[in-house]
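Protein chains: 2
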Amino acid sequence: MKSALNRSVTRRDFLYRAAAVGGTGFLLNAMNAWGMGIASTMSGPPVLSGSGKGKSVVILGAGLAGMTAAYELNKLGYKVQVLEARGFAGGRCQTARKGFELTELGGETQRCAFDAGQYINHGPWRIPLHHQSTLHYTRTFEVPLEVMVNDNDHAFVYLENGGPLAKQRLRPAQIKADMRGHVAELLAKSVQDHLLDRQLTDDDQRALLDYLKHEGQLEAGDLRYKGRTGRGFAVNPGAGMNPGPGTPSDPLGFHDLLASGVGKVYSAVQDYPMQNTMFQPVGGMDQIAKAFEKRVGRHIRYHAEVRTIRHGDNNVTVAWKDTQTGKESTVTADYCLCTLPLSTLRMVDTDFSDGFKNAIKAVAYAPVGKIGLQMKRRFWEEDDHIYGGHVLTDIKGINTISLPSTSWQKKKGVLLGYYNYQTDAIAVSALSPAERAEFALAAGEKIFPAYRDAFDSAFSVAWHRVQYNLGGWAEWNDDSRKNAYPLLLEGEKRVLLAGEHLSYLTGWQAGAIESAWQQLARIHERAMA
Amino acid sequence: MKSALNRSVTRRDFLYRAAAVGGTGFLLNAMNAWGMGIASTMSGPPVLSGSGKGKSVVILGAGLAGMTAAYELNKLGYKVQVLEARGFAGGRCQTARKGFELTELGGETQRCAFDAGQYINHGPWRIPLHHQSTLHYTRTFEVPLEVMVNDNDHAFVYLENGGPLAKQRLRPAQIKADMRGHVAELLAKSVQDHLLDRQLTDDDQRALLDYLKHEGQLEAGDLRYKGRTGRGFAVNPGAGMNPGPGTPSDPLGFHDLLASGVGKVYSAVQDYPMQNTMFQPVGGMDQIAKAFEKRVGRHIRYHAEVRTIRHGDNNVTVAWKDTQTGKESTVTADYCLCTLPLSTLRMVDTDFSDGFKNAIKAVAYAPVGKIGLQMKRRFWEEDDHIYGGHVLTDIKGINTISLPSTSWQKKKGVLLGYYNYQTDAIAVSALSPAERAEFALAAGEKIFPAYRDAFDSAFSVAWHRVQYNLGGWAEWNDDSRKNAYPLLLEGEKRVLLAGEHLSYLTGWQAGAIESAWQQLARIHERAMA
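Line by line, the protein sequences are chains D and W.
One point on numbering: in the UniProt record's numbering, the residue at position 159 of the first sequence is 159, and numbering is uninterrupted.
One point on numbering: in the UniProt record's numbering, the residue at position 512 of the second sequence is 512, and numbering is uninterrupted.
I should point out that these hints are in silico values taken from the structure, not numbers from a laboratory.
Some hints could be false.
Remember, identical chains collapse to one label, so a pair may be satisfied in a single copy or spanning two.
Claimed, not checked - Below, a list of computed lysine-lysine pairs in the DSS-like style, where the Cα atoms sit at most 27 angstroms apart:
{"hint": "1", "residue 1": "482", "residue 2": "226"}
{"hint": "2", "residue 1": "412", "residue 2": "290"}
{"hint": "3", "residue 1": "53", "residue 2": "493"}
{"hint": "4", "residue 1": "410", "residue 2": "290"}
{"hint": "5", "residue 1": "53", "residue 2": "75"}
{"hint": "6", "residue 1": "98", "residue 2": "290"}
{"hint": "7", "residue 1": "98", "residue 2": "189"}
{"hint": "8", "residue 1": "75", "residue 2": "226"}
So here's chain D without its partners, still in its complex pose (with noise of 0.2 angstroms):
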């Protein structure tokens, strides 16, 4: 089982998989399945007894992991004070409306210009059934949920190196029907020319014949592939006598699909963290930091950016500058917490040894580019009736263009028009917020042909380039997986450190919750000896 492991679960694996999808490096599924740390295993906060009475921890971050550090360890009796170098909680829960502003290292100052109700989650904007720890807090804090399509049999695959099928706008329902059709109806013609009986008994060919004729509905007499519903029709049935009983268009070729690659986009099961029922809060994923917010904002200093890191083995101090007045003040507490990406964390002047310090920079922080692009009209719904889902593409820096899977039908629409990776997302943040947004609609129009009039206003990120961030998550690799990060989850002395990175679940909200709840039971326990 161990190979399997491995190519299942490290990311870099996982790009290496996709990239050979098409032949040309284009990372389809990698897009589809970012921050690969997959399932939630922790359902609820760490059950602690005792009272933290009297004890102070003071909490580097106001994003996921140090505001449930804040909250958890405020109803154990903690004294907690967070420390946010922002003017708003989240860390990289946001999301860009009216009035939003980022200014990326060195870039210029871009201010979301969308429609009121308009909105793009910039940073995670999926949830997954099984993270179980984010879904805690959306029910306790009562955020409301809604679905987010994130698995579209209508939404297009445009590849512009599919050979055969190359600058086509297909549909995924054609391309799994096609496939797996022509693929049964080939197993089924082994079956029956015997080509298989010294693997099979008799009776596991005729339940398997049975099966393929099901699976990919076959001819019961020639046992061939005609085409099938699932793929669409010619004419589409309605009213009337005409159009009467529609017809199921054509298959695409079995040569044709193979020399395209294009059956490669989809797979058997979706890779486990992309599988439905997949949710995002209504109104934004920044609801669920302002819920946190709500109950835990009276803790925190905003503008507060971290200096130093002095640590004893009796408390911790840490030196911090207002970063609207120019102030610097300390605090110390018996605890630290520091949820600070590593990315930002090995910037800051401490007196860690210097084991802690390489470790520290040993992970590398994920380049990653988004760009929400408002729509006057959504096209997508009304010429395609594409309803959310991605469109995926091999158009270099692009990879995905998403549809909102929120304000159904209405007149306006955010789309997502590119989600890019390492060097794309690096060549890409290079250029300015107007040429982004250019790029973005010059792929787009290839797709859509309505995509560049109906454009209204951009919003873009690259994370990397931005401030207290520097990249999108962590990025283990077996070597630092190995070495770096079992000595960053200790911490050292009273210091400890929690976030996304310090799970199996990087990129995800999910990682940053359950690791803070693995860390501040440590530091409960040890406050308790």
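Since the structure of chain D is provided, determine the placement of chain W on it from the hints.
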């Protein structure tokens, strides 16, 4: 293509195909695809010129067909009068919530006792993305939609007669991953062993092997299927060191899968009407009826039971009885559009020709039963992480337990406890409401341990016993489609018929709407002539 066509679109054949699953005639797929007519073809009402001013149309029935006609004809200037036997509009487009009353023929009165905010759509419950006609009105009338989770790889399949996999709560994700994995392995080895050299070129074999490795996530070396993340984990990944990266759980054996027949519960792609994205109106399906009613209610005469239809060359006279006062009245109009189900129309005293009367009698109506069960606790979400979708089972008379796609994470919820059909529906409908609830509980607790304890109250319907409907939908067969259907579509003199029964979208609201569009256009054409 002819045979594929017939196989695809007649419900009888479809049921036959589904009945083969499991070898014991259960109808999982049929349940999943009721209302077999598939995709609508008209995306908006007919564009008509000229005015109907001074002309009158009496419309029988204020279901979606009748109200569509009333709305559009009224816009054209016609004087419309709608006769509706019930005290409310909508026809089968109903939602049972607190206080909703139903007295089936010969049955006791049920008064829905769900909590405020809880409901069941006991008539139509799904709007597929390609039913552009239904979606035309939800958009025009601004009826808010939400996603109805119609496809959930985490909702169980539970087979009493599932051979080696009987009486287990299987997740579709496991079944799909494993069946397709094993099949991919088998075919990959056939390629490797040169068994397919005659059928495929070298290039195609290479591409096929590549595809199969991806589709089945086969081991690179021995091409074996050993599980995959998509099937779930033995131990889920999470924060910290322990649990570390998850191990995919062990696959179900190929022989067991084949012998159980469970692979045939699912198929390469969902049939067309069942594909994502599926919608439901926020707050209940009857929001569509109410939106129509708001616009045409002033033209509706409620409690008006149609008694006789007399039609001449110049006008139509309909006699109706006020069911509250017993008073009989008549209305005469230039045209009559009759949207009564044929099951009901056949009992009305008319002076139609014998040929037309016989055609009206030629179609059967489907016995259909549903039960809504309010549960005190959403145990399917809390205990099993199933958010919406259908638990499919071969338990006789149950077929599906469908979980609600609304009020996520709230305390209570109403699930669909069975959805039965034909002889099963007839058998279950013979029970009293309390007995039906007991029947549903006895089945449900086999699958969900918390089922009976969580039960609060029930509301059931047997559509074949509901006055003015007498069945779920029209069930054409090849013979009646060929002989009776064209006659009915044509109408007689100044009486035209409309409804889901005059479409190839039987059982769907889109069928009713599109049929109304078609027939109102014919009325207008004749009025303008």
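These are the hints, each one checked on the structure:
1. Taking the shortest alpha-carbon separations for residue 482 and residue 226, only the inter-copy value of 25 angstroms comes in at or below 27 angstroms, while the best intra-copy value is 52 angstroms.
2. Taking CA atoms no more than 27 angstroms apart as the test, residue 412 paired with residue 290 passes in both settings, with 25 angstroms inside one copy and 25 angstroms between copies.
3. In this assembly of identical chains, residue 53 and residue 493 lie within 27 angstroms of each other by CA distance solely inside one copy; the values are 21 angstroms within and 88 angstroms between copies.
4. Taking identical chains as interchangeable, the C-alpha atoms of residue 410 and residue 290 lie at most 27 angstroms apart whether they share a chain (26 angstroms) or sit on different chains (20 angstroms).
5. Taking CA atoms no more than 27 angstroms apart as the test, residue 53 paired with residue 75 passes inside one copy only; the shortest distance there is 10 angstroms, against 71 angstroms between copies.
6. Only within a single protomer do residue 98 and residue 290 lie at most 27 angstroms apart by alpha-carbon distance; the minimum there is 17 angstroms, versus 34 angstroms between protomers.
7. Within a single copy, residue 98 and residue 189 get their C-alpha atoms no closer than 59 angstroms, and across copies no closer than 57 angstroms, so neither meets the 27 angstroms cut-off.
8. Neither within a single protomer nor between protomers do residue 75 and residue 226 lie at most 27 angstroms apart by alpha-carbon distance, with minima of 63 angstroms and 45 angstroms respectively.
Checked against the numbered hints above, the structure violates hints 7 and 8; every other hint is satisfied.
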